[in-house]
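Chemist: Each chain, written out:
2 protein chains.
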Amino acid sequence: MTAVSPLAPAAFPATAPVDGVELSAAAAGVRYGAGRVDVMLASCAPGTEVAGVFTKSKTRAAPVLDCEAKLSRGAEGRPDPGAAVIVNAGNANAFTGAAGRDAVADVTGAVAEALDLPGDRVFSSSTGVIGEPLPAERITAVIGSLAAGLGSACFEDAARAIMTTDTFPKGAEARARIGGTTVRVAGIAKGSGMIAPDMATMLVYIFTDARVERGPLQSLLSGLCETTFNAITVDGDTSTSDTLLLFATGAAGNAPIARADGPEAAELERALRSVMTDLAHQVVRDGEGATKFVEVSVAGAASDSDAKRVAMSVANSPLVKTAIAGEDPNWGRVVMAVGKSGAEADRDRLGISFGGLPVAENGRVSPRYREEDAAAHMKEREIRISIDLGLGAGEFTAWTCDLTHGYIDINADYRS
Amino acid sequence: MTAVSPLAPAAFPATAPVDGVELSAAAAGVRYGAGRVDVMLASCAPGTEVAGVFTKSKTRAAPVLDCEAKLSRGAEGRPDPGAAVIVNAGNANAFTGAAGRDAVADVTGAVAEALDLPGDRVFSSSTGVIGEPLPAERITAVIGSLAAGLGSACFEDAARAIMTTDTFPKGAEARARIGGTTVRVAGIAKGSGMIAPDMATMLVYIFTDARVERGPLQSLLSGLCETTFNAITVDGDTSTSDTLLLFATGAAGNAPIARADGPEAAELERALRSVMTDLAHQVVRDGEGATKFVEVSVAGAASDSDAKRVAMSVANSPLVKTAIAGEDPNWGRVVMAVGKSGAEADRDRLGISFGGLPVAENGRVSPRYREEDAAAHMKEREIRISIDLGLGAGEFTAWTCDLTHGYIDINADYRS
Numbered sequence: 015m016t017a018v019s020p021l022a023p024a025a026f027p028a029t030a031p032v033d034g035v036e037l038s039a040a041a042a043g044v045r046y047g048a049g050r051v052d053v054m055l056a057s058c059a060p061g062t063e064v065a066g067v068f069t070k071s072k073t074r075a076a077p078v079l080d081c082e083a084k085l086s087r088g089a090e091g092r093p094d095p096g097a098a099v100i101v102n103a104g105n106a107n108a109f110t111g112a113a114g115r116d117a118v119a120d121v122t123g124a125v126a127e128a129l130d131l132p133g134d135r136v137f138s139s140s141t142g143v144i145g146e147p148l149p150a151e152r153i154t155a156v157i158g159s160l161a162a163g164l165g166s167a168c169f170e171d172a173a174r175a176i177m178t179t180d181t182f183p184k185g186a187e188a189r190a191r192i193g194g195t196t197v198r199v200a201g202i203a204k205g206s207g208m209i210a211p212d213m214a215t216m217l218v219y220i221f222t223d224a225r226v227e228r229g230p231l232q233s234l235l236s237g238l239c240e241t242t243f244n245a246i247t248v249d250g251d252t253s254t255s256d257t258l259l260l261f262a263t264g265a266a267g268n269a270p271i272a273r274a275d276g277p278e279a280a281e282l283e284r285a286l287r288s289v290m291t292d293l294a295h296q297v298v299r300d301g302e303g304a305t306k307f308v309e310v311s312v313a314g315a316a317s318d319s320d321a322k323r324v325a326m327s328v329a330n331s332p333l334v335k336t337a338i339a340g341e342d343p344n345w346g347r348v349v350m351a352v353g354k355s356g357a358e359a360d361r362d363r364l365g366i367s368f369g370g371l372p373v374a375e376n377g378r379v380s381p382r383y384r385e386e387d388a389a390a391h392m393k394e395r396e397i398r399i400s401i402d403l404g405l406g407a408g409e410f411t412a413w414t415c416d417l418t419h420g421y422i423d424i425n426a427d428y429r430s
Numbered sequence: 015m016t017a018v019s020p021l022a023p024a025a026f027p028a029t030a031p032v033d034g035v036e037l038s039a040a041a042a043g044v045r046y047g048a049g050r051v052d053v054m055l056a057s058c059a060p061g062t063e064v065a066g067v068f069t070k071s072k073t074r075a076a077p078v079l080d081c082e083a084k085l086s087r088g089a090e091g092r093p094d095p096g097a098a099v100i101v102n103a104g105n106a107n108a109f110t111g112a113a114g115r116d117a118v119a120d121v122t123g124a125v126a127e128a129l130d131l132p133g134d135r136v137f138s139s140s141t142g143v144i145g146e147p148l149p150a151e152r153i154t155a156v157i158g159s160l161a162a163g164l165g166s167a168c169f170e171d172a173a174r175a176i177m178t179t180d181t182f183p184k185g186a187e188a189r190a191r192i193g194g195t196t197v198r199v200a201g202i203a204k205g206s207g208m209i210a211p212d213m214a215t216m217l218v219y220i221f222t223d224a225r226v227e228r229g230p231l232q233s234l235l236s237g238l239c240e241t242t243f244n245a246i247t248v249d250g251d252t253s254t255s256d257t258l259l260l261f262a263t264g265a266a267g268n269a270p271i272a273r274a275d276g277p278e279a280a281e282l283e284r285a286l287r288s289v290m291t292d293l294a295h296q297v298v299r300d301g302e303g304a305t306k307f308v309e310v311s312v313a314g315a316a317s318d319s320d321a322k323r324v325a326m327s328v329a330n331s332p333l334v335k336t337a338i339a340g341e342d343p344n345w346g347r348v349v350m351a352v353g354k355s356g357a358e359a360d361r362d363r364l365g366i367s368f369g370g371l372p373v374a375e376n377g378r379v380s381p382r383y384r385e386e387d388a389a390a391h392m393k394e395r396e397i398r399i400s401i402d403l404g405l406g407a408g409e410f411t412a413w414t415c416d417l418t419h420g421y422i423d424i425n426a427d428y429r430s
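Line by line, the protein sequences give chains A and B.
Heads up, the first sequence stops at 430 in my numbering, and the numbers go up one at a time, no gaps.
Heads up, the second sequence stops at 430 in my numbering, and the numbers go up one at a time, no gaps.
Bound conformation, chain A alone:
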């Protein structure tokens, strides 16, 4: 359909399997034409702990409600039987009423039976069109072959299976040393439009062979989400289906991480942050119609939350994003977006730079500003906007892309 984003990485990173995780993928014909691989299954070994973060939408899709309910129960008091996640593209199973709940039960129930797991250890996601009944029978029809094929797919295959308007598959990996043991973290993601704070249309599955108890696993994931996936925006829209799941199989055999604030957790956190930041950036790089990757760094705010308000206000501004598309160093629009953010700001202390070049300071254009230098920076593929509010120590960095004709083309036609 669409050409690969000009901001895409050169290639999917070489990602070795993660101990205790087996993947497979299949073409179920959920919506796309014959042969398009549109379902992926991941199976995790006994002992796996699971953590998750989900969309805050009040109109959450059926699979999201199901994941949340299952995670809130956890696996306490029973020998942990492992876990699995099945994901389809083409249909979001959102706003589908009771039939949507039934469809989730059918799909996860069939996986549970095939893998001999309790039903509440099988998670699922669906992405694609909203409001049309999910043809669950097309998915259940391929679960036998998905189960039989476990181990035959790599992370890139799984990442490709869950693409919708994505123009490239998204993956990342990292390693950490925990008490002498090397552990691995690998993740895949999908998402290109409807991306905004609070987990916009994004599906992310991260796997590690580290052994981590459930409490610290969830703490690490929730904490890192704020400055990674909740720091990106494509269009300010929030999906009904956003899901971030983290599976820790424990197969690496390290001494279990029991607290989120110890040195072992810090090592794992570093690897997780690397994978989550990398995937979040890839989602922005695949923003619908994107031709520029934009970093908006805010410092000097009265608080971190004020800094985030300013950063997201700038990153979500259609006027800023169209100016970037037009390669116009239109810093007046940045001033506008700072002003409308609602955060504490003092016009006469505000400083702005583009690509490290001073643009505005002390409430007016910088005497060092040269339009031709700023214009040269705007022609690059990676744009850096830095804002210093001159008030306090609060800071936040957000990432976004420009707003182009490509976005309109994709979204005026695609029935998402």
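Identical copies carry no separate label here, and so any pair may be met within one copy or between two of them.
Restricting the straight-line Cα-Cα distance to at most 25 angstroms, the calculated cross-link-like pairs of lysine to aspartate or glutamate (DMTMM-like) are: (1) K72 x D362; (2) K70 x E375; (3) K72 x D120; (4) K72 x E409; (5) K70 x D318; (6) K70 x E82; (7) K70 x E240; (8) K72 x D342; (9) K72 x E375; (10) K393 x E341; (11) K70 x D402; (12) K72 x E358; (13) K72 x D402; (14) K72 x E309; (15) K70 x D360; (16) K70 x D362; (17) K70 x E409; (18) K393 x D423; (19) K393 x E146; (20) K72 x D360; (21) K70 x E146; (22) K72 x E146; (23) K70 x D116; (24) K72 x E82.
No lab work stands behind these hints, which were simulated from the structure alone.
Fit chain B to the known structure of chain A by using the hints.
Modeler: Leaving out everything else, chain B in the frame of chain A:
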């Protein structure tokens, strides 16, 4: 530059002069080429009371800060000498530091001298490019001829003088009967992009010959702003310069309106609401690149403020707005926008209709929904989206336009 919006009214309304108000307009060459009329002056008779509402931006432009300061002082304790407002297009005098304040003082001071008014009874606005010094001397150079020409311009001339990316001049009028006296209300506006709640880039000047005390005048204006100018959005961006000024000359000779809650005030309020709603709709109809006028009505919310959150979330959603541009009855995106609004919502009580046609009810697609009917409505120029949250009595109506290639064209090139 751009063709007239396809949503423009057939013609500027025939608007008779308002007693006690004289207008003139001139070409000062602030930014545009020779001959473009870019400054307008309105002079109001002695006894005029003035009310105002301004942008909430933290980076308010110099003229806005000046207007606010002057209005907060008022004219108490002295025989009211009248009032004037001077407005230029081409340069917003925003983010211009101390030079910006000096430019406002130069321009308003020159008007005060020419019209023999105290300096604090002369208001001003500037609209156009942000961050470039206002060439005040070009404006002061034409103030003599503006003052000499008072009474020579009509409302349409004044509305044309303050246009920037507007494709048509905006005006409206209404009458009311107050204690046996007919009073008139007439207003002009400019604004086409950077329009959002909290008075986005919009300049509005309303004149009435009604006699109204300052307290009730301000109350009426502030109250009506919430459901008129603060209920429209083009792109969610908020300007540094938004100004709404209301001048009541008292020349109609009615018994003074001294309270905002009496029957006389209600009559005036009705006429003001008509003018303000009409002007607000015209601003949306001139939304940059707009091809559809969209009304988003929310009912059944837990509160009016929740209803507004939902209405503005839908009206600001790029995905909803691009779907409308594509004439796609993509109600799934409306569900998404309801969900992300943050307002109380219950997916299983949500009802949606397009152009009065039921689309979704009770958390799923309506059994009465027929895609071809909804698709036919989407081909119209005026789109109505109705949302019933099924929770309470809160309601709000917002107006917006679609998001098209035209918006990108205008904003990737225009240095605003």
